[in-house]
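Keeping their order, the protein sequence lines are chains A and B. With my numbering applied, the first sequence covers 2 to 108. With my numbering applied, the second sequence covers 4 to 124.
Wrong hints could be hidden among the right ones.
Short, incomplete list of chain A residues facing chain B, as computed with Cβ under 7 Å [said to hold, decoys possible]:
no. : residue
1   : Gly42
2   : Pro45
3   : Tyr95
4   : Phe99
Straight-line alpha carbon distances no greater than 25 Å define the calculated DMTMM-like cross-link-like pairs of lysine to aspartate or glutamate that follow [as the list claims (entries may be wrong)]:
no. : chain 1 : residue 1 : chain 2 : residue 2
5   : A       : Lys43     : B       : Glu49
6   : A       : Lys46     : B       : Asp33
7   : B       : Lys68     : A       : Glu71
8   : A       : Lys46     : B       : Asp112
9   : A       : Lys104    : B       : Glu49
10  : B       : Lys46     : A       : Glu82
11  : A       : Lys43     : B       : Asp112
12  : A       : Lys104    : B       : Asp112
13  : A       : Lys40     : B       : Glu92
14  : A       : Lys108    : A       : Asp2
15  : B       : Lys46     : A       : Glu106
16  : B       : Lys46     : A       : Asp83
17  : A       : Lys40     : B       : Glu49
18  : B       : Lys79     : A       : Glu106
19  : B       : Lys46     : A       : Glu71
20  : A       : Lys40     : B       : Glu4
21  : A       : Lys43     : B       : Glu92
22  : A       : Lys46     : B       : Glu4
23  : A       : Lys43     : B       : Glu4
By construction, these hints were calculated from the structure, which means they are not laboratory data. A virtual CB, placed ideally from N, CA and C, is assigned to each residue, including glycine.
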Amino acid sequence: DIQLTQSPSFLSASVGDRVTITCRASQGISNYLAWYQQKPGKAPKLLIYAASTLQSGVPSSFSASGSGTEFTLTISSLQPEDFGAYYCQQLNSYPLTFGGGTKVEIK
Amino acid sequence: EVQLLESGGGLVQPGGSLRLSCAASGFTFDSYAMSWVRQAPGKGLEWVSSISNSGDTTPYADSVKGRFTISRDSSKNTLHLQMNSLRAEDTAVYYCVKCGGTCQYNRFDVWGQGTLVTVSS
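Just chain B, same shape as in the assembly (with noise of 0.2 Å):
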């Protein structure tokens, strides 16, 4: 069975960091590209960003650009996303999402149960 497994969410201050892990099982990980979407209370879905299944194409939402970073480590089928200079405006559910193969073009077929991101002082 595909699993995927948050976590790292938590408080923080405005200005902070947090990095988020994802644990994926059930599926061969260096084959999919991996994405990370978030959801603020109450609101609607934005996607944050995308890996590429080799980690060489890394695209951004401009709301995080410079701030954010993923990346991805084989070795333990882990996604991560290190979020820095962090504002209130971050604060939301983070769903690490396993792409149908590429993200572009494809489908986000399985989601992982979301990790809670609250920056406030």
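In isolation and in its complexed conformation, chain A is listed as follows (with noise of 0.2 Å):
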């Protein structure tokens, strides 16, 4: 099975504040890779697919990239409404596998 390690698993910031969450696959997976956000008592969100592209009606803050092994999704400038938790997920093959997540508070 493929394993994704988020790095932090929390985080904390300011208003403005530009972040970077790290998804790193224990195998190759192409560009296979997609993020969700998931705020408190809500389904998760896809905010990006195929490692880098922007699930419509996302906001262009959000952005991500890699490819292989390593990848990144970026805020840009964190707003008040990007707190929660955000997972990455690979979809190379089954099991389909989800990161461990990373939980975002706004300072």
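Reconstruct the complex from the two isolated chains, following the hints.
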């Protein structure tokens, strides 16, 4: 099975800060990686797919890059509504595993 | 508007069974693979199972293989998850998910609101 390791597991940042979350895969997954945002008590929401493609309706403050085993999600200017948990997911092979998550807190 | 509405969750004793359903609307159900993803209280996301658009491919997580069965009813635009031999560790919110085409090599683009399954005596 492919393991995904996210870092950090928790981050606290101020409005306007640039924030970066990393996701590392235990083996190469090409660009078959997605990112999701989840707010407390709500279902996850797709932000990014194919490693760097922004899902329709997602603010352009979100961007992502990577290929192979190393991926990053960046929020260029953190907004109050960006709090929550962020998960990466590999879609290269079954089981379609998720990273452990990164909880983002607004200072 | 694409909508997924789960039902069937609840409290069940260890060893018991439960059948989850997910009513899909707003898209051509037959054209998309579907999945179930669960989230234990306070924990991260765990993929459970997927089903191809035709229903002939159904991979499962090792944690549920042999106990859970995913199926789809195209006449009713409904996805199901039959859960047998339930364990305490199956306690979670279960999400119904639409894939972007296939699930592998694609994305989980629409999520239902989730249904809570609690396994406890």
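Each hint, compared with the structure:
Using the Cβ-Cβ criterion of 7 Å, the hint placing Gly42(A) at the interface with chain B is not satisfied: the shortest such distance is roughly 9 Å. A cut of 7 Å between beta carbons decides the hint on Pro45(A): the least distance to chain B is about 6 Å, and the hint holds. The criterion of a C-beta within 7 Å of any C-beta in chain B is met by Tyr95(A), whose closest approach is roughly 4 Å, and the hint holds. Using the Cβ-Cβ criterion of 7 Å, the hint placing Phe99(A) at the interface with chain B is satisfied: the shortest such distance is roughly 4 Å.
Between the alpha carbons of Lys43(A) and Glu49(B) the distance comes to roughly 16 Å, so the proposed pair stays at or under 25 Å and holds. Restraint check for Lys46(A) and Asp33(B): satisfied, since their Cα atoms lie roughly 23 Å apart, inside the 25 Å limit. With a C-alpha separation of about 30 Å, the suggested pair Lys68(B) and Glu71(A) falls outside the 25 Å cut-off, and the hint is violated. Between Lys46(A) and Asp112(B), the direct Cα distance comes to roughly 8 Å. Compliance with the 25 Å bound is thereby established for this hinted pair.
Taking the CA atoms of Lys104(A) and Glu49(B), the gap is near 17 Å; set against the 25 Å cutoff, the hint holds. At roughly 22 Å between alpha-carbon atoms, Lys46(B) and Glu82(A) fall within 25 Å of each other, so this suggested pair holds. Taking the CA atoms of Lys43(A) and Asp112(B), the gap is near 15 Å; set against the 25 Å cutoff, the hint holds. Pair hint Lys104(A) plus Asp112(B) holds up; C-alpha atoms about 21 Å apart against a cutoff of 25 Å.
Between the alpha carbons of Lys40(A) and Glu92(B) the distance comes to roughly 23 Å, so the proposed pair stays at or under 25 Å and holds. About 36 Å separates the Cα atoms of Lys108(A) and Asp2(A), which puts this hinted pair outside 25 Å; it is violated. Proximity of Lys46(B) to Glu106(A) is assessed by CA-CA distance (about 17 Å); at most 25 Å being required, the pair is judged to hold. The suggested pairing of Lys46(B) with Asp83(A) holds, with an alpha-carbon distance near 20 Å, which does not exceed 25 Å.
For a cut-off of 25 Å, the pair hint linking Lys40(A) to Glu49(B) stands: about 17 Å separates their Cα positions. With a C-alpha separation of about 42 Å, the suggested pair Lys79(B) and Glu106(A) falls outside the 25 Å cut-off, and the hint is violated. This hinted pair checks out: Lys46(B) and Glu71(A) have alpha carbons roughly 23 Å apart, not beyond 25 Å. Between Lys40(A) and Glu4(B) the alpha-carbon distance is near 21 Å, which keeps this suggested pair within the 25 Å criterion.
For the hint linking Lys43(A) to Glu92(B), the alpha-carbon distance of about 21 Å falls within 25 Å, and the restraint holds. For the hint linking Lys46(A) to Glu4(B), the alpha-carbon distance of about 15 Å falls within 25 Å, and the restraint holds. Taking the CA atoms of Lys43(A) and Glu4(B), the gap is about 18 Å. The hint holds against a cut of 25 Å.
Taken one by one, the earlier hints fail for this structure at numbers 1, 7, 14 and 18, listed in ascending order.
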